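Asker: Below, each chain spelled out in residue letters.
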Amino acid sequence: MAICASLTSGSTIYFADPCKDNALARIEAYTENFFDRIGRIDSALLNLPNEINSVVELTGDVSNGFINSILGSLQDELAKQVSEAIQALEKILTGLGRTIPEIIAIETPLIPLVKTLFDGIFCASSKIMNSAKDALGDIFTAAAKNVLNGTACVAQEIVGALTNHITNQVDSIVSPLIEPIRKIFSAITGDLFNFDLKNFLVTGINLTRKIVNLFECDDEKICPASSKYVIDQGPLKDMSETDQSNAWDSIFSGVAISQGASNLATDFEKAYGKWSIFGDPIGDSSSLGPCEFGNVTTCGNPTVSFFGGDGIGGAGNVVLGQIVNNVDTEDAVGDVLKIGSIVGVDITDPGSGYTVAPVVTFQDSCNKGYGAYGHAVIDQVPTSPTFGQITSVVIISEGANYPANVDELPLYISDVVIENPGQDYNDGDGIDGLDIEVTDGRITRATVLPGLGYNGLPNLNIDSLTGFGAILRPVMSVATPQTEIVQVIDCIS
Amino acid sequence: MLNNLSKEPPIPFIGTVVKFENQKEQVEGVGWGWRYKIAIFDAYSSQDAEIADANIEYAIAMLGNCDGSGAADHRRSVRISQGDTVVGFKYGGKRGISIIFGVFPRTKNTVFGPGRFDAKTGYYGNDQPKGLMGRTQEHNENSGHVTPETTKSCANHDKSVPAVKNQDSLTVYGLGLSENQVGQYIKPIKKL
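Line by line, the protein sequences give chains Z and X.
Note that the first sequence covers residues 586 to 1078 in the numbering used here.
Note that the second sequence covers residues 332 to 523 in the numbering used here.
Isolated chain X (complex conformation) (with noise of 0.2 Å):
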């Protein structure tokens, strides 16, 4: 690549960051840094036929001054997802570096798709709904979010809280007979 990052002037650009299946090795540790695969809008066709998502290059995000770079232990991670819409500068002209400045927050109205640039689920791979806001969440508002809150303390030995009578559960297992009979409790027969 050549050194034109001062004849060229910067280039933003708005794009969707692609599928996490098509940029496996970087956002499971593989690859280096904090980069995303960027679909440009504009740049790229809603199909992915001439380039696959996969053959797509990789923009670097920017760090806040106040996430830190790392040194002294001071860094924030990047929360950059699929699906997300970012905004940024390519350096160096058409073929230069993208650099990720901003994401655009996803609202309660997001849609998912599966285009590609449509909005997707944020959850990918081991980054699974963890129960703490109640319900999945996946949209930042300025109201409207879930209060995240531990579970309630667990009630099944809290005998204020009335037992019920698990009969139907005993008869779908042909257990509820009136009679109590020996050998009603009954286990499959191994054949040897």
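Bound conformation, chain Z alone (with noise of 0.2 Å):
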């Protein structure tokens, strides 16, 4: 195995987002990040209990957060039930010609039964809280012993088996509380609060809500456009709130046949349900299929994504070149035979109501590739057709060691962007496939004539005696010129 500079690089963090709760994205980045860590560093580096100590502070310290979720949720619609239930009781009994002291004193044996109920679902917090945490350590055991790749399926089912710990832990709590007061309404009307706490607790939580009331006092919201960070890598684009609010659905979905399940044979599966992860695949209903956690065996090509600049929506495919047999002996990666660098994007979504460029990051789902940077360009011409459109990628470094999963084909200069028009140029000056328009001394217009294709990303040095400081920036495509290939120029020799 190779040995890292720093055994933190290429871990993803995330950073504090005002705007949405990023639970899920965070267990899965530590999951990911644990998984990576006990699979690919050398077993004389590793201290298994520090890592999995450290995966179970990080998750228990964002379980918190959902714990106080799920029990806020719980509080709040045992209160509404209550309510209700009281209400109609009102309603029944004044139609039975009951007066007001009758049904007072009918109503207050509820009263220290409403608020044991209420106080204990308070204490329930810091208990669940507490034990949440060696539920996790014995989760992420058990995950140890199957899990090669930490998928964002694997976090999932770490956040199911947790959750089905803690519906057991607040049914255990909340029923005992619960049953007295639905004798008293059953003892009198019968069916007026016959609460279900299990259904509710898998099927009836959102726990994006609580997030969401945060912005209910008119408060400026400053977003992000990201708050996920890989580090020695840069940002990237994070879970949306759907995605997440998605995910967790699913989850839920899986805790609901777990908790349903009568073949759990084992007070482990009792206590967390049966998953994929502990080696027993969950029933085939769940929303969550099926989950893939061996080594990966296909990378397939690199992908961009664009974030942030205020816009949506825009998308598009990698453009690659200086395409070589990959050499990698340590790659078991069937399907990476051949390796390249980016050196462009095709625009297939130009994207809508980007103010200022949106941040291009390129990823591939092995994390092999490095070192492609990028730029967005964008149209900020409001009398433009496509204003606020992303137009181009201009690509400031092509990176390399991405897999690439295609034939190499030419590629060809579709645009060039001027970064800088640089001066004391003159009309003569120019380049091999551009017709370069001066004025005053400055580069002010680039052509790209046809005919010229390359393998790689070019320099566009301007061949001048005067001139200086322009930078000119090819958009490469491989969408077939025009016109016949002249020359195929070799930008690696």
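The set of hints was computed from the structure by calculation and includes no laboratory data.
Note that this is a predicted model, so its numbers are computed, not measured.
Hints are all accurate, no fakes.
In silico DSSO-like cross-links for lysine-lysine, where the CA-CA straight-line distance does not exceed 30 Å:
hint	chain 1	residue 1	chain 2	residue 2
1	X	522	Z	718
2	X	522	Z	712
3	Z	676	Z	768
4	X	496	Z	855
Here are some, though not all, of the chain X residues that point toward chain Z, as calculated from beta-carbon distances under 8 Å:
hint	residue
5	487
6	489
7	491
8	497
9	500
10	501
11	511
A virtual CB, placed ideally from N, CA and C, is assigned to each residue, including glycine.
Mind docking these for me? Both chains are given alone in their own frames, and the hints should help you get the complex.
Answerer: Here it is, written out as structure tokens:
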């Protein structure tokens, strides 16, 4: 295994985000970091208990938030249902001709029981938080026996197992407190208060609700474009609130199946449920679906993401160049036969609403490539039909080692972005493949002449005796030019 | 000291830079200039019973024309280490000023030893191997140098490199039971 300059290099972290609850995204990041470390660090350097302690502390702290959300939602729901039941009871008693003192006398025994219920929920919070870290220790230990790759579904199953534990804990603490209240109602009116605690816990909670409430005071929100950051790599697009909400729904669906399962053989399964990461797949009807956590068998091409810039919807496909055979002998993935650099982005959706250029990031599913940086160019002319859209991506550094699951094709300059017009250029100055327009010594326009193909990102250096300082960036494409290819220029040699 | 530089002929010398431990005040920045305590061959015995290393007088290092005196930010540091064998001249007779003119390069076969005139590792204090050479390299020869290189890209998160199950680690720490159990991850008990 390669020796790393820093073991934290490449780890994902999440910054604080005042605008959305990133609990699930953070647990995903911690889980992936954990399994990458225990599976890829030389065993002589690995201190497993330290790693488990660390991930338990990190995920435990995050889970405290959703334990509070679960109990808060439960408290709100119980308050609503108790209140509705009392109102219904009063109506019935009034209909039966009972006087107000008689109704009060009937309701009075409920008061201490309801108080005890809500006090109990309040106290349950700290008890469950304390037990959550012990549970996470068990869960991560069990998962470490099977999981090689901490994918998103692994994190979701871990959260599912924890939620199963929390559900059991809440049930064991709160159900005995609900039962006397239910008995009083049922003695008088039958079915007025019939709260199904477990069913509510696995189906009735919206974990994003509490965060949304933070913004009901007309406070001005200053939201970061992304709170996800990879050490030594930079920011990456984070999980949207919708993605996290959908993932929560899937998790609760899995928990519901686990809670309803009749074939829970061991105490461990009763406490945490049956999950793939424990070597026992969850039922087919779960929306979590099958979970793959073995070594990666296919890497695919790198992808590009746009985020920030006040806009939405920008998307594109990466254009690869300088493709060479992969000679990394440590590489075990069969399809990474070729690696290459990122030389451009074909914009498939220009998005809309961008006021400043969004951040451009590149990522491959194997975390194999590194070093590619680019910046987006947006149309800022209000009268333009593409105003506020991404028009192109300029590659500053093409990076290396990205999986290239494509055959090498000739690349063409589809456009040229003039980053700096320079000075003191003359009309006769030029560069192969471009028609340069010079005004007052500055490069004001560069038109691509058809016919030249490349295999990488060309340097557009202008041949001039007097001019200096111009920076021209090529926008590369694999689109076939309108005219015949005259020559393919080798950018490597 | 008498100013008799012109009266006495320069006396050539060869000697060994003594341990930096014995010239701490100079090498750690409390002294001035580029000075090193040199145990001169013949003038000093191989034993330090008569004159301890700490009591040896300093020699001043001479710089080359291209090194710069420091004026106008033109300077290059002296690269002499403990255990180096240096050559120089003493000006002003036996009690004059010792000036170091050069240092003999170490070879691949240079052997370190504890004695006064033995070569020693040049790593001292905060000056420790940086790993750029891949391994410690304390010689200066025409051939055989390791080319400095950056460390390989960290593969901890490269998913194309297969991860392995650390069953051994799980077993060592008592976490590898085939059947999962509640409370299998045990924390030490706090004795109150």
